[in-house]
Amino acid sequence: MTTDSLSSLKESFQDLSEERLIEVAELPTFCSAEGIGREMLDLIADLYPICRSITGNGVRQTLSLIERLIPLQRHEIPSGTAVLDWTVPKEWNIRDAYVKNARGERVIDFQKSCLHVVGYSIPVRGRFQLSELKEHLFTIPEHPDWIPFRYSYYDENWGFCLAHHDFEKLEDGEYEVVIDSSLENGHLTYGEYYLRGSVEDELLISVHVDHPAMCNDNLSGVAVATLLAACLTRVKNRHLSYRFVFIPTTIGSITWLSRNAANVGKIKGGFSMTCIGDSGGFTWKETRRGDTEIDRAVKCALRESGEEYKLWEFTPFGFDERQFCSPGFNLPFGCLFRTYSHHYAENHTSADTPDLIRPEKLAGALVLCAKIVLILEGNGKYLNTNPKGEPQLGKRGIYRKIGGPIPQAHLIHLFWILNYSDGEHSLLDIAEKSKFPFEELWKAAGVLRETGLLIPLEGT
Amino acid sequence: MTTDSLSSLKESFQDLSEERLIEVAELPTFCSAEGIGREMLDLIADLYPICRSITGNGVRQTLSLIERLIPLQRHEIPSGTAVLDWTVPKEWNIRDAYVKNARGERVIDFQKSCLHVVGYSIPVRGRFQLSELKEHLFTIPEHPDWIPFRYSYYDENWGFCLAHHDFEKLEDGEYEVVIDSSLENGHLTYGEYYLRGSVEDELLISVHVDHPAMCNDNLSGVAVATLLAACLTRVKNRHLSYRFVFIPTTIGSITWLSRNAANVGKIKGGFSMTCIGDSGGFTWKETRRGDTEIDRAVKCALRESGEEYKLWEFTPFGFDERQFCSPGFNLPFGCLFRTYSHHYAENHTSADTPDLIRPEKLAGALVLCAKIVLILEGNGKYLNTNPKGEPQLGKRGIYRKIGGPIPQAHLIHLFWILNYSDGEHSLLDIAEKSKFPFEELWKAAGVLRETGLLIPLEGT
Amino acid sequence: MTTDSLSSLKESFQDLSEERLIEVAELPTFCSAEGIGREMLDLIADLYPICRSITGNGVRQTLSLIERLIPLQRHEIPSGTAVLDWTVPKEWNIRDAYVKNARGERVIDFQKSCLHVVGYSIPVRGRFQLSELKEHLFTIPEHPDWIPFRYSYYDENWGFCLAHHDFEKLEDGEYEVVIDSSLENGHLTYGEYYLRGSVEDELLISVHVDHPAMCNDNLSGVAVATLLAACLTRVKNRHLSYRFVFIPTTIGSITWLSRNAANVGKIKGGFSMTCIGDSGGFTWKETRRGDTEIDRAVKCALRESGEEYKLWEFTPFGFDERQFCSPGFNLPFGCLFRTYSHHYAENHTSADTPDLIRPEKLAGALVLCAKIVLILEGNGKYLNTNPKGEPQLGKRGIYRKIGGPIPQAHLIHLFWILNYSDGEHSLLDIAEKSKFPFEELWKAAGVLRETGLLIPLEGT
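Protein chains in written order, with this note's numbering: chain A, 1 to 460; chain B, 1 to 460; chain C, 1 to 460.
Possibly wrong hints are sitting among the right ones.
Identical copies carry no separate label here, and so any pair may be met within one copy or between two of them.
[As the list claims (entries may be wrong)] Heads up, simulated DSS-like pairs for lysine-lysine below, C-alpha to C-alpha not over 25 angstroms straight-line:
1) K169 / K395
2) K395 / K100
3) K433 / K310
4) K388 / K266
5) K169 / K443
6) K388 / K90
7) K443 / K433
8) K100 / K169
9) K268 / K388
10) K361 / K112
11) K299 / K433
12) K169 / K266
13) K435 / K395
14) K395 / K90
15) K169 / K134
16) K236 / K361
17) K100 / K443
Read the hints as simulated data drawn from the structure, not as lab findings.
Let's have the full structure, built from the sequences with the hints guiding it.
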């Protein structure tokens, strides 16, 4: 594919409305189109105000907005259902909540920000002295303008979150407190999008959809996953299958694993994705096994991305990789992010607004994911059918004519593939050894396959 | 154990006279008591003047002083006994020795320092011209005030060691030379202290007791081993067995190995210890196998010690590890020291005095050994009984109530243990991976065992 | 061998005319004699002007000059012979070639430098306008005084190479072009020198002999290989066999491999050698397997050479190692050079003259090769016959008498060998672990063998 055909491809796909199908090698370019970037920003803007939690109508509204771009299979799991060591909790919904001062003014008002209410707060209606009330108030003194995000999912409680500046203005006296919520038997809701390829081996991407009114954590992940899914739908002849799950943190992945335990063997690789739109470089948190194909594909894509990146060893905390990498599953499942949630002050506060998202970084994350897909699709082992000595490329029309000192880059790709296609080394191995771009090597393998000098190794 | 209870423990154990028993987790604190430090310094001071050699009454006196603190089983092996490739040598004793000048003055006098006589010097009585005498005199020209330590164990010879300054003052003329020694059939003497635990697997600590009138090499090692043994006696429910051997260098360990060859399989780990009281940082010289449990336990203890330390790969010379790591035994046996004997000029000279010993460094060595014991006692593999997904800690009362951004340290310990208790990883593995202190992880494992979420893996 | 006997050896062997035999341990010294260095420079000077190519009389003349020093077995393989995936090409010879301007002056003249003609140019006789001629002219604009080396072996074509300065002087008009060459059925020629040792395992050294009128690439390699072969002939009791092949690049090694495929199992190690006489440090390009005995022997020799050196991982391009390391052979075959061919501008140009060769560097390369031979000859595994505890060296007369602080170097060699001669570790392993010179350890092993404490392990 020449540079010219790439730019024309990019121009053709300013948005998803055109119906043309593409090759998987075109996916990164397709994903980098301006129209695709706009779709991600629009989706984040629309999802932002929704009051999400681990259950309830906020999750359902979120899934509905995602469905503008990809069809989801929705799952509703009843409260009380046993899922692994856990139980699906009651469903929480909230209509309004406030704290009124003696003058009847709403000094804390859910209508202004859903972060003001501690997630899963039980219904409250009463009057409290300031001192009593304070036991239920949460602030961040170091960032006095920000509202913290707090929740109490498994311990029935209630509370309000507010800016420390506003907290300090509260005068002594009695306050009227109303939380018009419900915590009742209902359902845990999650959505799933599955694209069948020519094999059942699948890449699983999981994003959490339970955080209310915050962007980088994790509407950025939701947007990238949704658009990747939408773009992948356009790819012809997908070899792998792809599964995208939109679930609440922890209880969501536990529920999913509980219901899909028999099929996890199909997961060739996967990752959770969050905090992926900020200005930081990438981080890949390795799978628990540490050197699986998904680890190596992501590292290869990162090397070739031109962006700064870090690699972290697996740790048994973080996001949903905790569950997928619990020892009883130990799946090849990592986590992709830019700035780690604990490493930016705005995380889990009202300061995690759309302004934290850098459009070019969000777009870069989507292209990285597309590159990971390209590598997983292209990777495999081949056999050099003429392994004794170098085959004579000249007689097959793939060699320069007048010998000079420096082999052409293209020839070197051929030599790497011929030498290491011994049944032991995959294209990803060869990319790692040679440091040449995966895509170039994949193309070179294609040239060699046409000559019959290279054949795919069965069963890889 | 809170900081308060730790200080109270430390106050309670100012010396060994009280009879209270302790938990193994308390051992490092117990060992750090001021009274224990004083015992070590007293022991060194009392042992210092004795004229030790690889056999003889000096060794017996040394063992007697150690027996003030711990009961020893003494072994007396007759001269001529075949021990591996060697033969127990004749026993050497000395009463007096001197060189008198023409004026009848003792210009070299054994009564002033036992270092003046080359170890194992045969009896001599005669008159020698200075030129003849000089062939039997040893000095250190670079350190003209110090008397060197020399010996000739397996080649019958005699000689005197003296300060080079004094050597230069010797005038021409005839000298009277007397060495009132005996080199006769007798015994090689060593002592042993064995503490039986609930299993026969043992930690073996070996210190050499043959060096005359020198402190860092190796009364420091003798003192730390003796007090560790004394303190270990107080520990309740020891899992491992412990063996301390007080032996002469080389021939001592060869003799011990010869007599105990059938039982060396019980040695789970061990080390020789010397030069452990000077101002230097620690060095762990690895076992020949390099990555055994004792290597990893010592490295963990060193990491957590807060002191500087170095790691050395095994080399087939040094101290008694040479014998324990000879290829026919290849035991998991290393060597612990501060400044290596060849790396400080005072070594093997009269300048290795009590002044070289820093009390806080000697105390630090004992605490390090206690920490090694703690790690070996606590190490083992466990099984997470709920390996699929994270178990719900909240319903077992071991989770925070209101969710905030940063997991508490204690929780992270639980997560590490749960995730890696898969039958493959030991607590020491988890400490290495997580970089959390071993003791904290051990405590966390205890919390999980109470909930039934963790069970010990049989046979580890 | 004392320093004295070494210098006397060096003086005795100023050239190869004397017939004395030597021990393999003497080989590096023997090779460093001044007379040997002179032979290498003379050989290069004599070979320099010859118009070599991958076939033809230039190769035959080259082999004849080598035969002044070592007898070669010559092989003549007919054109058209199938060799692996290739076919032996027609034989190329050339008598004269020129380009004459309108005034009848030879503006390009083969008689001045054989590099002026593109290798394998077909016969040409004709008149060309400058514009037509230019399509057959090659220059190096960045180095306007140098003539490039170009060839067209497998695509029938013709051309001239010239200095860019001369190219720029060419005036418009008609030129007479003559290439008096022949490209006809004939033979591919190569030479081989084989020295049988006590085992059939062999070291294979391959140098290419097809480059016309250039020195560092690769008359330097030819000279070092020839003199190493000549010196090796003098060595008594060689354990290994040695094979030197003098072949054209690519098609030569392919032809050799095709004809010797059944015997490549005997190749214990090998390397191609080129660009070995310039002022750069050494580079060892590892074998494809990366950690074979030849890799480790060369690295050991390099460490001990005192020269700067680099190690390169295998890459599937370069010199004849490409063929020996093709996946169907995957032989333990590397490449030894100083400055890599692509890393000095003079490579493959007329500027690669005898002036590029530094006599002391060429000599250093020969000594390095001799050291590699020494290591391969000396390497092996031994068994300590007294593996439990250290054997008592004193009673065998190999220990110091009066014990002092620092073990003598010689003793330390003994300890290393005794400790690691456990059937697992070779002398080369011990040299790597201990960092002591291989030769010293080999000598120490000899001392121990005399005492019976060490015996060779069968089959190594």
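Evaluation of the provided hints:
Taking CA atoms no more than 25 angstroms apart as the test, K169 paired with K395 passes in neither setting, with 86 angstroms inside one copy and 37 angstroms between copies. For the homomeric pair K395 and K100, neither the shortest alpha-carbon distance inside one copy (87 angstroms) nor that between copies (35 angstroms) is at most 25 angstroms. Within a single copy, K433 and K310 get their C-alpha atoms as close as 20 angstroms, and across copies as close as 18 angstroms, so both meet the 25 angstroms cut-off. Within a single copy, K388 and K266 get their C-alpha atoms only as close as 37 angstroms, which misses the 25 angstroms cut-off; across copies the closest is 17 angstroms, which meets it.
Taking the shortest alpha-carbon separations for K169 and K443, neither the intra-copy value of 66 angstroms nor the inter-copy value of 44 angstroms comes in at or below 25 angstroms. Within a single copy, K388 and K90 get their C-alpha atoms only as close as 67 angstroms, which misses the 25 angstroms cut-off; across copies the closest is 23 angstroms, which meets it. Only within a single protomer do K443 and K433 lie at most 25 angstroms apart by alpha-carbon distance; the minimum there is 17 angstroms, versus 40 angstroms between protomers. In this homomeric assembly, K100 and K169 come within 25 angstroms of each other (Cα to Cα) only inside a single copy, at 13 angstroms, whereas the closest approach across copies is 97 angstroms.
Proximity of K268 to K388 under the C-alpha cut-off of 25 angstroms is restricted to the inter-copy arrangement: shortest distance 18 angstroms between copies versus 34 angstroms within a copy. For the homomeric pair K361 and K112, neither the shortest alpha-carbon distance inside one copy (29 angstroms) nor that between copies (63 angstroms) is at most 25 angstroms. Taking the shortest Cα distances, K299 and K433 sit within 25 angstroms of each other both inside one copy (13 angstroms) and across copies (21 angstroms). Proximity of K169 to K266 under the C-alpha cut-off of 25 angstroms is found in neither arrangement, the shortest distances being 56 angstroms within a copy and 71 angstroms between copies.
In this homomeric assembly, K435 and K395 never come within 25 angstroms of each other (Cα to Cα): the closest approach is 28 angstroms inside a single copy and 50 angstroms across copies. For the identical chains of this complex, K395 and K90 are inter-copy neighbours only, at 15 angstroms across copies versus 72 angstroms inside a copy, given an alpha-carbon limit of 25 angstroms. For the identical chains of this complex, K169 and K134 are intra-copy neighbours only, at 12 angstroms inside a copy versus 89 angstroms across copies, given an alpha-carbon limit of 25 angstroms. With identical chains, the CA atoms of K236 and K361 are never at most 25 angstroms apart, being 27 angstroms at best within one copy and 60 angstroms at best between copies.
With identical chains, the CA atoms of K100 and K443 are never at most 25 angstroms apart, being 67 angstroms at best within one copy and 47 angstroms at best between copies.
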